[in-house]
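Residue-level listing of the chains:
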Amino acid sequence: MREASFRRLAMSYLDLLYGAAMRATRSRDLAEDLVQETYRVAFERWNTLRDPAACRAWLLRILYNAHIDEKRRRLRLIPVEGDLPDAEDTRASADPFRFSQVRLSFERLDAALDRLPTDSRWLFVLREVEGLSYQELAEVLGIPIGTVRSRLARLRVHLVVALSSGGRTQSEEEGDGG
Amino acid sequence: MGSCEGRIEAISALIDGELARDEELELRRHVEACEICTAWLAQLEAYSVGLARTMGKESTPRNLSERIRSLAPRRRWPLRMAVAIAAAVAIASVWTLEVRRATDPFDSALVADHLRMVSGAEPLEVVSSDPAKVALALSERLPFRVEFAQVAGARLRGGHACRIEGHSAACLQFDDEGTGERVSVFVYPSTNSRPELAPRCRSLGGHCLCSWDRGGQSITAVATTPDAAQHFADSARGEVRPFGIWPVRESLEVPSRSLSHEE
Chain A
1 MREASFRRLA
11 MSYLDLLYGA
21 AMRATRSRDL
31 AEDLVQETYR
41 VAFERWNTLR
51 DPAACRAWLL
61 RILYNAHIDE
71 KRRRLRLIPV
81 EGDLPDAEDT
91 RASADPFRFS
101 QVRLSFERLD
111 AALDRLPTDS
121 RWLFVLREVE
131 GLSYQELAEV
141 LGIPIGTVRS
151 RLARLRVHLV
161 VALSSGGRTQ
171 SEEEGDGG
Chain B
1 MGSCEGRIEA
11 ISALIDGELA
21 RDEELELRRH
31 VEACEICTAW
41 LAQLEAYSVG
51 LARTMGKEST
61 PRNLSERIRS
71 LAPRRRWPLR
81 MAVAIAAAVA
91 IASVWTLEVR
101 RATDPFDSAL
111 VADHLRMVSG
121 AEPLEVVSSD
131 PAKVALALSE
141 RLPFRVEFAQ
151 VAGARLRGGH
161 ACRIEGHSAA
171 CLQFDDEGTG
181 ERVSVFVYPS
191 TNSRPELAPR
201 CRSLGGHCLC
211 SWDRGGQSIT
221 AVATTPDAAQ
231 HFADSARGEV
241 RPFGIWPVRE
251 SLEVPSRSLS
261 HEE
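Protein chains in written order, with the numbering used here: chain A, 1 to 178; chain B, 1 to 263.
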């Protein structure tokens with residue numbers, strides 16, 4: 001592949017990269033910086049990409065790593081990888097009938113995403129928005145496919161609970177009591 | 001319930017179509033007989049459908065694309081001098097063989113129209129990135145039907161109908177992502193008795209023109225750099241898939257009167 005051909009191919013993913021970065025960071029400025037850094041790295045290392053068909057996952061991996069690096073530099077106290085919040089609700093949700101009679105409220109999605117740790121938010125963006133396969137997710141996130149599968153299931157259960165009007169945390173329910 | 005907790009992971013993978021066939025059959029058999037897993041499947045499917053309806057599209061800031069293009073690496077001559085010189089000699093040799101200096105008034109008219117469009121002196125009649133919309137709008141303005149597909153690595157801006165040396169033509173404007181320059185692509189009924197399927201490239205006044213014939217129509221890409229013009233020609237020949245498909249229509253409705261009689 002010629003360098004000019006690579007640049008065209010890479011640029012054709014600009015909208016995808018920016019959309020993913022925006023959803024993962026929730027910040028326009030940071031998303032722009034990360035995408036710019038992604039292309040800086042990609043333009044430097046373009047000749048290490050053997051298979052043009054893998055370009056999308058390759059660019060997303062650079063973007064993901066850029067975000068992780070940025071987060072580690074800037075906010076050392078906040079874990080990049082971590083348990084999903086409200087883990088007790090996720091465990092309690094083993095009873096699906098608690099939520100089966102209620103409608104999921106996607107107005108709460110932004111708030112639910114805000115509370116996710118970085119790696120879970122990327123998992124959400126790359127699978128639920130960009131539709132990456134499990135194999136691609138494993139390549140981008142640098143984890144085994146089995147881990148992709150289990151993390152995704154946990155994330156979905158967590159979000160179903162968070163988006164369900166019957167899935168409020170215990171403290172929320174107590175607050176409504178009076 | 002305990003035995004079903006582990007199946008949520010499989011149900012999640014089932015929704016994604018990521019289960020092996022035998023695992024899927026086993027899970028479906030279980031779900032049919034298990035109220036809890038049936039409820040989870042319904043819940044995760046509702047989540048999946050709801051998300052698809054909820055997620056909008058983020059629009060990329062215009063200036064970001066420009067900033068990124070400016071990142072394209074500049075060749076570091078001290079380190080790559082020998083390679084660069086060898087490459088330049090090779091390219092120059094090929095270019096000398098393939099590029100013919102054009103003096104054709106038709107080519108001059110194409111470049112003049114390209115410059116008018118690029119400079120903004122003449123606004124686009126149709127502004128859209130949708131090839132189907134632009135083709136339809138231009139077909140209504142021209143005595144032949146225009147049909148083309150999007151070229152990967154290039155962003156369609158729109159087009160206009162024009163006259164080139166008395167011939168009707170459609171002019172399409174693209175932003176080439178590879179070089180960052182604006183490229184004009186002219187489509188007009190072919191006047192060649194022998195279609196040129198291989199692109200013919202030549203230079204004129206600091207511009208590069210690449211022409212080829214396809215399905216009864218001629219296409220000429222006009223750009224400042226040979227690389228941009230050649231990209232469209234390569235796409236036409238399908239040599240750099242998946243970078244693009246160029247006119248796919250094999251039969252073009254050419255006006256009944258001969259082009260040579262047009263005024």
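It is possible that some hints are incorrect.
What the hints assert, rightly or not - Below, computed lysine to aspartate or glutamate pairings styled on EDC-like, alpha-carbon distance capped at 20 angstroms:
#	chain 1	residue 1	chain 2	residue 2
1	B	Lys57	A	Glu107
2	B	Lys57	A	Glu3
3	B	Lys57	A	Asp114
4	B	Lys57	A	Asp110
5	B	Lys57	A	Asp15
6	A	Lys71	A	Glu3
7	A	Lys71	A	Asp33
8	B	Lys57	A	Glu32
9	B	Lys57	A	Asp29
10	A	Lys71	A	Glu37
Derived by calculation from the structure, the hints in this document are not laboratory data.
Outcome of the hint check:
no., hint, verdict
1, B:Lys57 with A:Glu107, "16 angstroms, holds"
2, B:Lys57 with A:Glu3, "30 angstroms, violated"
3, B:Lys57 with A:Asp114, "18 angstroms, holds"
4, B:Lys57 with A:Asp110, "14 angstroms, holds"
5, B:Lys57 with A:Asp15, "9 angstroms, holds"
6, A:Lys71 with A:Glu3, "31 angstroms, violated"
7, A:Lys71 with A:Asp33, "13 angstroms, holds"
8, B:Lys57 with A:Glu32, "16 angstroms, holds"
9, B:Lys57 with A:Asp29, "17 angstroms, holds"
10, A:Lys71 with A:Glu37, "14 angstroms, holds"
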